[in-house]
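Visitor: Using the sequences and the accompanying hints, generate a full structural model.
Read top to bottom, the protein sequences are chains A and B.
Letter 70 of the first sequence, counting from 1, is numbered 70 in the UniProt record's numbering, and no numbers are missing.
Letter 42 of the second sequence, counting from 1, is numbered 42 in the UniProt record's numbering, and no numbers are missing.
For the record, the hints were derived by calculation from the structure and aren't laboratory data.
Some clues are possibly wrong.
[What the hints assert, rightly or not] Computed far set for chain A versus chain B, every beta-carbon distance over 12 Å:
id, residue
1, 3
2, 60
3, 66
4, 67
5, 70
6, 71
7, 104
8, 110
9, 111
10, 115
11, 146
12, 147
13, 150
[Stated by the list, open to error] Only some residues are given here: those of chain B computed to face chain A with a beta carbon under 8 Å:
id, residue
14, 24
15, 98
16, 119
[Stated by the list, open to error] Lysine-lysine pairs mimicking DSS-like chemistry, simulated, CA-CA at most 30 Å apart:
id, chain 1, residue 1, chain 2, residue 2
17, A, 129, B, 30
18, B, 89, B, 128
19, B, 9, A, 33
20, B, 128, A, 33
21, B, 44, A, 56
For every residue, glycine included, the Cβ atom is placed at its ideal position computed from N, Cα and C.
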Amino acid sequence: MDVVNQLQRQFIDYSASLHREGFLDDQFTQLQKLQDDNSPDFVVEVASLFFEDCEKLINNMARALEQQQGVDFRQVDASVHQLKGSSSSIGAMRVKDVCVAFRSFCEAQNREGCLRCLQQVTHEYSLLKNKLQTLFRLQQQILAAGGSIPVVE
Amino acid sequence: MVMAASETKFHVLAVDDTLIDRKLIEKLLKTSSYQVTAVDSGTKALEFLGLNNNDHHDVEVNLIITDYCMPGMTGYDLLRKIKESSSFKDIPVVIMSSDNIPSRINRCLEDGAEEFFLKPVQLSDVNKLRPHLMKRRTQTNVNKRKAMDEIVSPDRTRARYNELEVK
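Guide: Set out below in C-alpha cells:
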C-alpha cells in the first residue's frame with residue numbers, strides 16, 4: 001500500500017505540474033472524468049489519435065510551406081485549423097496557442113512566420129508526447145500495484 | 001408502469017469528420033445513456049436516415065448532432081436538407097463548432113437548429129439535449145392518441161356517412 005500511495009502522489013504532482021506549466025488545460029481533466037469501466041483506456045486512446053493527427057498535419061504543413069513555386073497558405077491554414085481543433089479537444093493548451101498564432105501568419109501570408117510556428121508546434125507536440133507518455137506510465141504502475149488512479153481537479 | 005429499454009433510450013446520430021471529435025461526442029452521449037451512431041460526413045448521415053426508413057422501421061433517430069465545418073456538405077447544409085425533408089424535418093438538429101462566429105450561430109438557429117455548441121463540447125452541453133428529446137416524444141405520443149381517437153369514435157363515423165347520404 002505504501003508503494004501505491006507513493007505512486008499516486010507522484011501522479012498527482014506530475015499532473016499538477018503539467019497543468020501549471022500550461023501543457024494541459026481543463027479539457028484534459030474532463031476527458032479523465034469521462035473514463036470509466038466501460039472505457040478504461042479512453043484517455044490513452046484519445047491521446048494516441050491526437051499524436052497520429054499531429055504527425056500527419058505537421059507533415060502536411062511542412063510540405064505546403066516547402067513549395068518553392070508559391071505557398072498555398074489556405075492549405076496550410078486548413079491543417080492548422082484542424083490541429084487547433086484536435087488540440088482543443090484533448091486539452092493540449094500550448095499546442096493550441098501556437099496554432100492560434102500560426103493562423104494569423106497564414107492569414108498574413110507570412111512564410112517566415114509560418115515556418116517559425118511550424119518549428120514551435122513541432123517542439124510543443126514532442127514535449128507533450130513525452131510528458132503524456134510519462135503520465136500514462138505512472139498510471140500503469142499504479143494499476144499494476146493494485147491501486148486506483150486519482151482524479152486531479 | 002415498466003418501460004421497455006428500447007422505449008427509454010434515445011438514439012442520437014452524431015456527424016463529425018474528425019476522428020478525435022467523433023470519439024469524444026460518442027463517449028459524451030453514451031455517458032448520458034443515449035444510443036449513438038457516429039458517421040463522418042453529412043452524406044453518410046443522410047444515407048443512414050434513408051436506409052432506416054426503407055429497411056428498419058423500428059430504428060428511429062431522435063436527434064442529430066453535427067459539426068459545422070466539414071468538407072463537402074457542411075453541418076449547415078445538412079441542417080437545411082433535414083429541415084426541407086418531409087420525412088425528417090421534425091428531428092431536432094444541434095450544431096457544434098470550434099469557431100465562435102455570432103453570424104454563423106444566428107443563421108443556424110434561425111434556420112432550425114435547436115442548439116449551437118462551441119467545441120470542445122462538455123457534458124453540461126449534452127445535458128441540454130434531453131428537453132428537446134422529451135418534448136418530441138410527448139408530442140409524438142399526443143399525435144398517436146389523437147389518431148387513435150379519430151379511428152375509434154363512432155359519432156364521427158356517423159357524421160361522415162350522413163354527409164355522403166345527403167350528397
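Visitor: Between residue 44 of chain B and residue 56 of chain A, does the CA-CA distance stay at or below 30 Å?
Guide: 24 Å, holds
Visitor: Non-interface claim for residue 104 of chain A: all C-beta distances to chain B beyond 12 Å?
Guide: 15 Å, holds
Visitor: Checking the smallest CB distance to chain B, is residue 115 of chain A really beyond 12 Å?
Guide: 25 Å, holds
Visitor: Under the criterion that the straight-line Cα-Cα distance not exceed 30 Å, is the pair residue 89 of chain B, residue 128 of chain B satisfied?
Guide: 20 Å, holds
Visitor: Holds or violated: residue 119 of chain B as interface residue toward chain A, Cβ cutoff 8 Å?
Guide: Hint on residue 119 of chain B: holds, closest Cβ of chain A at ~6 Å, below 8 Å.
Visitor: Verify this label for me: residue 110 of chain A is non-interface relative to chain B, using a Cβ-Cβ cutoff of 12 Å.
Guide: Answer for residue 110 of chain A: holds, closest chain B Cβ roughly 22 Å.
Visitor: Test the statement that residue 111 of chain A is away from the interface with chain B: the closest C-beta pair must be farther apart than 12 Å.
Guide: 25 Å, holds
Visitor: Is the hint on residue 24 of chain B kept, meaning its closest Cβ partner in chain A is under 8 Å away?
Guide: At about 6 Å, which falls below the 8 Å cut-off, the nearest Cβ of chain A leaves the hint on residue 24 of chain B intact, so it holds.
Visitor: Are the Cα positions of residue 129 of chain A and residue 30 of chain B separated by 30 Å at most?
Guide: 28 Å, holds
Visitor: Is it correct that the beta-carbon of residue 3 of chain A has no partner in chain B closer than or equal to 12 Å?
Guide: 31 Å, holds
Visitor: Does the claim that residue 146 of chain A lies outside the interface with chain B hold up, using a Cβ gap greater than 12 Å?
Guide: Holds: least Cβ distance 26 Å, greater than 12 Å.
Visitor: Would you assess whether residue 66 of chain A, listed as outside the interface, keeps its beta-carbon beyond 12 Å of every beta-carbon in chain B?
Guide: 23 Å, holds
Consistency note: the structure conflicts with none of the earlier hints.
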